[in-house]
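Residue numbers (our numbering), protein chains in the order written: chain S, 1 to 150; chain B, 151 to 485.
Hints were generated in silico from the structure; no laboratory data involved.
Check before you lean on any hint, since a few could be wrong.
[Claimed, not checked] Computed far set for chain S versus chain B, every beta-carbon distance over 10 angstroms:
#1 10
#2 12
#3 49
#4 82
#5 86
#6 111
#7 120
#8 127
#9 132
#10 149
[Claimed, not checked] A few chain B residues facing chain S, derived, Cβ under 10 angstroms:
#11 199
#12 243
#13 245
#14 247
#15 316
#16 388
#17 390
Glycine included, each C-beta is placed from N, C-alpha and C at the ideal position.
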Amino acid sequence: MAREGKVSLKSSDDELFDVTEAVAFESGTIKNIVEDIGTASAIPLPNVSSKILSKVIEYCEYHVESQKPEDEIKAWDQEFVKVDQATLFDLILAANYLHNKNLLYLTCQTLAGMIKGKNPEEIRKTFNIKNDFTPEEEEEARRENQWAFE
Amino acid sequence: MEIAEVSASSTEEDTPSLLDRLDSGLSGRIFSYLDEPIDLARITAISRSCHRFVVESRCFRDLCIRICPEVSRFNSVMEKDKMCISGGPSSSRDLALTNLNMEHRVYGNLAYELIRPPVESCCICEPICASSTDNYPRESIIWTLCPSDEENGMPSYWSSKGENDKDVSETLTYRLHKNLSVVHEVKLRPFEAHFQRGNPIYSPSAVRFRFGYSSSSTRIKSSVLDGSMSSDRSPCEDYVWTYISQEYPVLQEDELQSFKLPRPVLCIGDILQVELLGRVQRQRTDGLYYICVCHVYVVGRPLYSMSFDVEGQPRRYILKYLGHQGHPGMPFEDI
């Protein structure tokens, strides 16, 4: 049973995290659940592992704190997203599931930044995407936007 | 291009790409953060599913609208001489895919054009008319296309008629080279009358720009070049304005002043109207307020590979891709 003003969150691997209401309500999803069923029992988050949930909580705890200068926040955010690719994808999925707008924006922007400026082969390597074009199809795709490949 | 369905069973590496874990909403969101057309173009060359995603999510159209919101005016597209197909024996899914692929190619080309730098020369092709002219043809609008304030030993400028009321505005109307252009800025040089005592500068108080097209079925002839428009006020044309700029204050200085648009604008239509708002300078001899302009110059890029049509009531705008123009082997030279 959570203490006064606290919300208990349960990860997919059954680990419990106690956080303040302010931190919990950074997630639109959690806020809706609490409005329905209250904070008496732990809120189950079957889509989020403990590893990822603790990262999300770390993000929310930092952002919920009182006003900080914008460039300090930006620098902290950039450090926060220095994670391996699999973790970044997990964070995107978690932010989407939890309806945390700012975290979703940050993580998606980071992923877009990994795509920007790369040619198709580099992007394939970075994300392990199989090139399933036939040579003719690939030629046609490149010819559609010839200007991009000169 | 039509991409075949990917076969269900994959034989080789079964390690899925992390990108496969993202649903289409998330992929679309991530692609929308790519604000450069070249990045989106490269994505279409990665794999069949990437290509299909970009086509079916209409990513290039969305990108064009983000770069130039005026692009949202277009209701449909046409490629060379093929309209979007709306009937026939093919399944509706095939039809939809054919149309989406056409739309993808048209907006992909538009995206490329929207980001190209301006050309070296002025986008104005010819003058159409002025709202009033004091001494025609000596002070006609045609002189605003010469950069200098003197031509063959004679002063080169356009002058409005004189007014008692400072608030009476004027317009100068021009035709651009093509009916689609990307415009970055308009430059204007007010006229300083060196031949009058005190060298008065007859600048307007402010200026505003309108881009659009004529809804008359016959093309508006330049009423200046054939001499039929003398000093009378111009008739009311049926112009449809597709972009109207903010008002820009004008300095009372004899210099080519630059009025940068807040972002490059896709001008839908070949008509530019320069609105000269308010008068500041009285002429000593008659006590009337005049506006005189020495030079008008448009910085931008006319589009040779694209055009548009308007039809019907309510109006439907059709964006047309004409195929890239240019010499084979040198398709993207500066034309």
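Structure-based check of each hint:
| no. | hint | in the structure |
| --- | --- | --- |
| 1 | 10 | 23 angstroms, holds |
| 2 | 12 | 15 angstroms, holds |
| 3 | 49 | 14 angstroms, holds |
| 4 | 82 | 17 angstroms, holds |
| 5 | 86 | 7 angstroms, violated |
| 6 | 111 | 5 angstroms, violated |
| 7 | 120 | 4 angstroms, violated |
| 8 | 127 | 5 angstroms, violated |
| 9 | 132 | 5 angstroms, violated |
| 10 | 149 | 7 angstroms, violated |
| 11 | 199 | 8 angstroms, holds |
| 12 | 243 | 19 angstroms, violated |
| 13 | 245 | 20 angstroms, violated |
| 14 | 247 | 15 angstroms, violated |
| 15 | 316 | 46 angstroms, violated |
| 16 | 388 | 37 angstroms, violated |
| 17 | 390 | 31 angstroms, violated |
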